[in-house]
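Participant: Top line first, the protein sequences correspond to chains H and W. At the far end of the first sequence sits residue 389, using numbering that gives the first Met the number 0, and the numbering has no gaps. At the far end of the second sequence sits residue 389, using numbering that gives the first Met the number 0, and the numbering has no gaps.
Each hint should be verified, as a subset may be incorrect.
Heads up, simulated DSSO-like pairs for lysine-lysine below, C-alpha to C-alpha not over 27 angstroms straight-line [as the list claims (entries may be wrong)]: (1) Lys244(H) x Lys32(W); (2) Lys305(H) x Lys334(H); (3) Lys231(H) x Lys244(W); (4) Lys305(H) x Lys32(W); (5) Lys135(H) x Lys309(W); (6) Lys318(H) x Lys32(W); (7) Lys389(W) x Lys309(W); (8) Lys58(H) x Lys22(H); (9) Lys231(W) x Lys135(H); (10) Lys386(W) x Lys135(H); (11) Lys28(H) x Lys77(H); (12) Lys309(W) x Lys28(H); (13) Lys386(W) x Lys305(H); (14) Lys244(H) x Lys309(W); (15) Lys309(H) x Lys69(W); (16) Lys45(H) x Lys135(H); (17) Lys318(W) x Lys318(H); (18) Lys231(W) x Lys305(H); (19) Lys309(H) x Lys135(W); (20) Lys33(H) x Lys231(W); (21) Lys309(W) x Lys231(H).
Hints are computed from structural coordinates only; laboratory data are not their basis.
Number of protein chains: 2
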Amino acid sequence: MNTNPVFSLYIPTRIVFGCGEIKRLATEKLPGKKALIVISSGTSMKKYGYLDKVIELLKENETESVVFNKILPNPTKKHVMEAAALCKDEKCDFIVGLGGGSSIDSAKAIAVMACNPGDYWDYIPAGTGKGRPVSKALPVVAIPTTAGTGTEADPWSVITNEDTKEKIGFGSELTYPALSIIDPELMLSIPPHLTAYQGFDAFFHAAEGFIANCSTPISDLYALEAIRLLYKYLPVAVADGRNIKARAKVAWASTLAGLVESTSSCTSEHSMEHAMSAYYPQLPHGAGLIAISEAYFETFRNDCMKRYMKMAEVMTQLKSNRPSDFIDALVRMQKECKVHELKLSDWGIKMEDFPKMVQNARDTMGALFTLDPRPLTDEEVLNIYQKSFK
Amino acid sequence: MNTNPVFSLYIPTRIVFGCGEIKRLATEKLPGKKALIVISSGTSMKKYGYLDKVIELLKENETESVVFNKILPNPTKKHVMEAAALCKDEKCDFIVGLGGGSSIDSAKAIAVMACNPGDYWDYIPAGTGKGRPVSKALPVVAIPTTAGTGTEADPWSVITNEDTKEKIGFGSELTYPALSIIDPELMLSIPPHLTAYQGFDAFFHAAEGFIANCSTPISDLYALEAIRLLYKYLPVAVADGRNIKARAKVAWASTLAGLVESTSSCTSEHSMEHAMSAYYPQLPHGAGLIAISEAYFETFRNDCMKRYMKMAEVMTQLKSNRPSDFIDALVRMQKECKVHELKLSDWGIKMEDFPKMVQNARDTMGALFTLDPRPLTDEEVLNIYQKSFK
Numbered sequence: 000m001n002t003n004p005v006f007s008l009y010i011p012t013r014i015v016f017g018c019g020e021i022k023r024l025a026t027e028k029l030p031g032k033k034a035l036i037v038i039s040s041g042t043s044m045k046k047y048g049y050l051d052k053v054i055e056l057l058k059e060n061e062t063e064s065v066v067f068n069k070i071l072p073n074p075t076k077k078h079v080m081e082a083a084a085l086c087k088d089e090k091c092d093f094i095v096g097l098g099g100g101s102s103i104d105s106a107k108a109i110a111v112m113a114c115n116p117g118d119y120w121d122y123i124p125a126g127t128g129k130g131r132p133v134s135k136a137l138p139v140v141a142i143p144t145t146a147g148t149g150t151e152a153d154p155w156s157v158i159t160n161e162d163t164k165e166k167i168g169f170g171s172e173l174t175y176p177a178l179s180i181i182d183p184e185l186m187l188s189i190p191p192h193l194t195a196y197q198g199f200d201a202f203f204h205a206a207e208g209f210i211a212n213c214s215t216p217i218s219d220l221y222a223l224e225a226i227r228l229l230y231k232y233l234p235v236a237v238a239d240g241r242n243i244k245a246r247a248k249v250a251w252a253s254t255l256a257g258l259v260e261s262t263s264s265c266t267s268e269h270s271m272e273h274a275m276s277a278y279y280p281q282l283p284h285g286a287g288l289i290a291i292s293e294a295y296f297e298t299f300r301n302d303c304m305k306r307y308m309k310m311a312e313v314m315t316q317l318k319s320n321r322p323s324d325f326i327d328a329l330v331r332m333q334k335e336c337k338v339h340e341l342k343l344s345d346w347g348i349k350m351e352d353f354p355k356m357v358q359n360a361r362d363t364m365g366a367l368f369t370l371d372p373r374p375l376t377d378e379e380v381l382n383i384y385q386k387s388f389k
Numbered sequence: 000m001n002t003n004p005v006f007s008l009y010i011p012t013r014i015v016f017g018c019g020e021i022k023r024l025a026t027e028k029l030p031g032k033k034a035l036i037v038i039s040s041g042t043s044m045k046k047y048g049y050l051d052k053v054i055e056l057l058k059e060n061e062t063e064s065v066v067f068n069k070i071l072p073n074p075t076k077k078h079v080m081e082a083a084a085l086c087k088d089e090k091c092d093f094i095v096g097l098g099g100g101s102s103i104d105s106a107k108a109i110a111v112m113a114c115n116p117g118d119y120w121d122y123i124p125a126g127t128g129k130g131r132p133v134s135k136a137l138p139v140v141a142i143p144t145t146a147g148t149g150t151e152a153d154p155w156s157v158i159t160n161e162d163t164k165e166k167i168g169f170g171s172e173l174t175y176p177a178l179s180i181i182d183p184e185l186m187l188s189i190p191p192h193l194t195a196y197q198g199f200d201a202f203f204h205a206a207e208g209f210i211a212n213c214s215t216p217i218s219d220l221y222a223l224e225a226i227r228l229l230y231k232y233l234p235v236a237v238a239d240g241r242n243i244k245a246r247a248k249v250a251w252a253s254t255l256a257g258l259v260e261s262t263s264s265c266t267s268e269h270s271m272e273h274a275m276s277a278y279y280p281q282l283p284h285g286a287g288l289i290a291i292s293e294a295y296f297e298t299f300r301n302d303c304m305k306r307y308m309k310m311a312e313v314m315t316q317l318k319s320n321r322p323s324d325f326i327d328a329l330v331r332m333q334k335e336c337k338v339h340e341l342k343l344s345d346w347g348i349k350m351e352d353f354p355k356m357v358q359n360a361r362d363t364m365g366a367l368f369t370l371d372p373r374p375l376t377d378e379e380v381l382n383i384y385q386k387s388f389k
């Protein structure tokens with residue numbers, strides 16, 4: 000905290016946390032009487048019974064529901080528009096996002112398009128978006144079944160425009176969830192590699208938010224606790240997915256990292272990853288971040304030395320006297336989570352893709368580059384990509 | 000954090016923090032067009048120009064205002080009722096609480112009584128109160144000029160019923176301030192002894208909230224940071240009131256301790272103090288807490304040993320291996336702030352008052368005794384009072 004920090008804190012989401020707390024959906028005051036439940040195109044929400052449970056709990060709470068089940072891992076504008084049309088046809092008065100970040104982020108975007116005319120990209124204030132003002136949105140209830148995005152505790156929604164290959168985060172005070180229920184029991188069945196990808200997404204929300212030049216005393220508090228918890232418990236959750244204590248700690252860390260996104264910001268690491276997964280939608284967001292993280296954080300090693308040492312200290316619980324202690328701890332954590340050897344080429348990325356990704360990262364999420372500890376040149380950005388390539 | 004913590008987080012207050020940020024009153028979206036400004040009966044709000052400044056900034060924001068200037072250090076139900084009548088007569092649509100906890104707490108109670116019939120005590124769910132439900136309240140804007148109560152970040156309002164000698168805290172989600180502007184520059188003129196009393200009030204919000212049996216992972220985070228900051232900076236602010244860095248750290252710690260009150264709770268130390276200042280309204284709340292604190296925390300020394308050691312560690316930044324390290328650090332901090340030798344008798348309190356205070360504490364704020372680390376007997380409560388008597 001500087002001598003004269005100026006900051007604000009306003010997070011109007013009601014966060015309910017705890018194992019088994021999904022049951023609260025039957026008793027909490029809900030923001031309407033008919034919900035559009037948004038889930039992914041995958042099978043897990045049905046297979047594990049989460050969808051049926053949510054429908055049933057809503058019914059106990061005298062709330063009808065309709066399901067939209069087409070959301071992709073990197074969710075698209077097309078599906079946002081399609082679901083918003085369904086929402087209007089069915090006269091739903093709120094949206095339930097159930098699943099990973101893709102479903103909850105989509106729920107927020109659908110909530111916007113259920114109340115505003117035109118195309119979703121008309122409202123995006125970056126890239127080829129038109130930046131029209133959003134004056135209202137339906138309320139959203141977020142029920143995460145993964146621990147990573149933090150979207151349950153922030154206003155952001157990341158949607159890909161398939162036509163223009165833009166993957167852009169957008170949100171406003173209107174898109175904070177009205178209610179978020181985080182029940183770690185819904186996360187017990189996530190396989191180890193996804194647990195690691197998602198957990199590192201949360202880790203980078205916290206670490207980027209901690210080195211961002213817009214960090215604040217409150218975001219620092221959330222960030223360091225998220226970093227501490229993830230370093231300690233993510234390897235445990237990866238090794239033993241049934242360990243409910245580790246799952247709960249990782250889930251809480253992910254929500255804390257969402258609070259960081261609400262009070263500080265991601266930095267350009269996220270812009271760089273979005274560019275990769277905009278071109279290669281099969282690349283999981285967390286995997287993309289992990290792949291570039293060592294080179295990314297190495298770049299700023301001498302720009303915020305005290306903050307690197309502070310992160311190292313909460314991770315290792317040892318006094319740190321050099322910023323590279325943080326990089327060492329990060330690499331150690333990646334090795335323990337068995338994600339240190341990720342190859343971008345396994346997802347089809349080619350060395351020659353990187354120049355256009357530099358441009359895409361600047362064009363679509365350029366604002367985050369202004370929040371880095373210092374401005375990066377295009378050459379440095381290219382370097383980070385190239386050093387990360389395997 | 001236990002293996003299975005269940006907790007929630009919902010703080011709908013927009014908190015704006017920073018030196019000079021009072022100016023934001025001219026630009027923030029306000030919850031109405033005509034404000035009742037509630038200030039104390041003292042002279043400081045006028046002497047330091049804060050009242051004029053607030054009236055002028057509201058005017059810049061196209062908002063009229065009316066002033067109620069009778070609030071006492073231990074605010075009374077009578078003034079709440081009188082101000083609520085003025086508010087209705089003047090058709091004010093929100094309340095600005097400007098000053099210490101007494102003015103902001105009163106603003107919340109006035110906000111309730113401006114929208115609900117009958118007497119304020121009809122709504123108090125403890126003591127001789129009737130516990131009727133409160134269904135609405137006017138919005139409140141909180142502008143603290145002291146650092147201690149945390150009322151800017153919690154829903155609580157402590158009002159004294161002069162007739163029944165009851166001093167009771169009450170609030171609900173309706174009484175969270177809509178907007179709180181915390182500007183440490185407004186705190187530069189607080190004299191050393193009041194700086195210490197108020198700062199220790201914040202300290203005990205955090206320390207009680209940390210040992211309360213309803214503490215949560217989020218309240219722990221806020222509490223430990225408040226405790227760390229106050230131990231380090233309160234003695235600095237007491238010694239040199241013009242030190243703006245120390246003032247800012249203490250102000251932020253006080254707001255964090257308010258967040259603790261919103262996510263955990265005070266314990267019976269507060270009930271015991273309220274009983275004293277209900278009978279002796281000249282006793283400053285913080286002074287009463289300081290006077291009983293050593294005996295109070297000594298009583299639970301072996302009941303939450305790890306938590307005492309954790310508090311000692313964030314205070315001293317040294318490894319702790321015995322819970323009494325916390326008591327030692329607390330006493331040291333009181334000595335540094337020149338408040339270790341407070342005499343309750345200086346405010347007229349007599350040894351023979353204590354039995355009726357035990358009863359009063361149970362009758363009016365009995366609920367907080369259920370949140371102590373373990374249940375106290377009446378004999379133990381009496382002992383704490385008696386040991387604290389000088």
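Participant: For every hint, state whether the structure bears it out.
Facilitator: Against the structure, the hints come out as follows:
As the CA atoms of Lys244(H) and Lys32(W) are separated by approximately 50 angstroms, the hinted pair breaks the 27 angstroms bound. In summary, the hint linking Lys305(H) to Lys334(H) is supported, as the alpha carbons are separated by about 25 angstroms, within the 27 angstroms threshold. Between Lys231(H) and Lys244(W) the alpha-carbon distance is near 34 angstroms, which puts this suggested pair outside the 27 angstroms criterion. Between Lys305(H) and Lys32(W) the alpha-carbon distance is near 46 angstroms, which puts this suggested pair outside the 27 angstroms criterion.
Note on Lys135(H) and Lys309(W): the hinted pairing is violated, with a Cα-Cα distance of about 45 angstroms set against a maximum of 27 angstroms. A hinted pair counts as satisfied when its Cα atoms are at most 27 angstroms apart, and Lys318(H) with Lys32(W) does not qualify at roughly 54 angstroms. Between the alpha carbons of Lys389(W) and Lys309(W) the distance comes to roughly 30 angstroms, so the proposed pair goes past 27 angstroms and is violated. Using a Cα cut-off of 27 angstroms, the hinted pair Lys58(H) and Lys22(H) holds, with the two alpha carbons roughly 12 angstroms apart.
Taking the CA atoms of Lys231(W) and Lys135(H), the gap is about 45 angstroms. The hint is violated against a cut of 27 angstroms. Simply put, Lys386(W) and Lys135(H) have alpha-carbon atoms about 59 angstroms apart, too far for the 27 angstroms limit, and the pair is violated. Distance check on the hinted pair: Lys28(H) and Lys77(H) sit about 31 angstroms apart at the alpha-carbon level, beyond 27 angstroms; violated. Using a Cα cut-off of 27 angstroms, the hinted pair Lys309(W) and Lys28(H) is violated, with the two alpha carbons roughly 37 angstroms apart.
Simply put, Lys386(W) and Lys305(H) have alpha-carbon atoms about 46 angstroms apart, too far for the 27 angstroms limit, and the pair is violated. For the hint pairing Lys244(H) with Lys309(W), the CA-to-CA distance comes to about 21 angstroms; that is within 27 angstroms, so the pair holds. With a CA separation close to 48 angstroms, the supplied pair Lys309(H) and Lys69(W) exceeds the 27 angstroms bound. Straight-line distance between C-alpha atoms of Lys45(H) and Lys135(H) comes to about 32 angstroms, which puts the hinted pair past the 27 angstroms bound.
Restraint check: the Cα-Cα separation between Lys318(W) and Lys318(H) comes to about 13 angstroms, which is no more than 27 angstroms; the hinted pair holds. Of the supplied pair hints, the one linking Lys231(W) and Lys305(H) holds, its CA atoms being roughly 19 angstroms apart against a limit of 27 angstroms. This hinted pair does not check out: Lys309(H) and Lys135(W) have alpha carbons roughly 45 angstroms apart, beyond 27 angstroms. Of the supplied pair hints, the one linking Lys33(H) and Lys231(W) is violated, its CA atoms being roughly 52 angstroms apart against a limit of 27 angstroms.
As the CA atoms of Lys309(W) and Lys231(H) are separated by approximately 18 angstroms, the hinted pair is consistent with the 27 angstroms bound.
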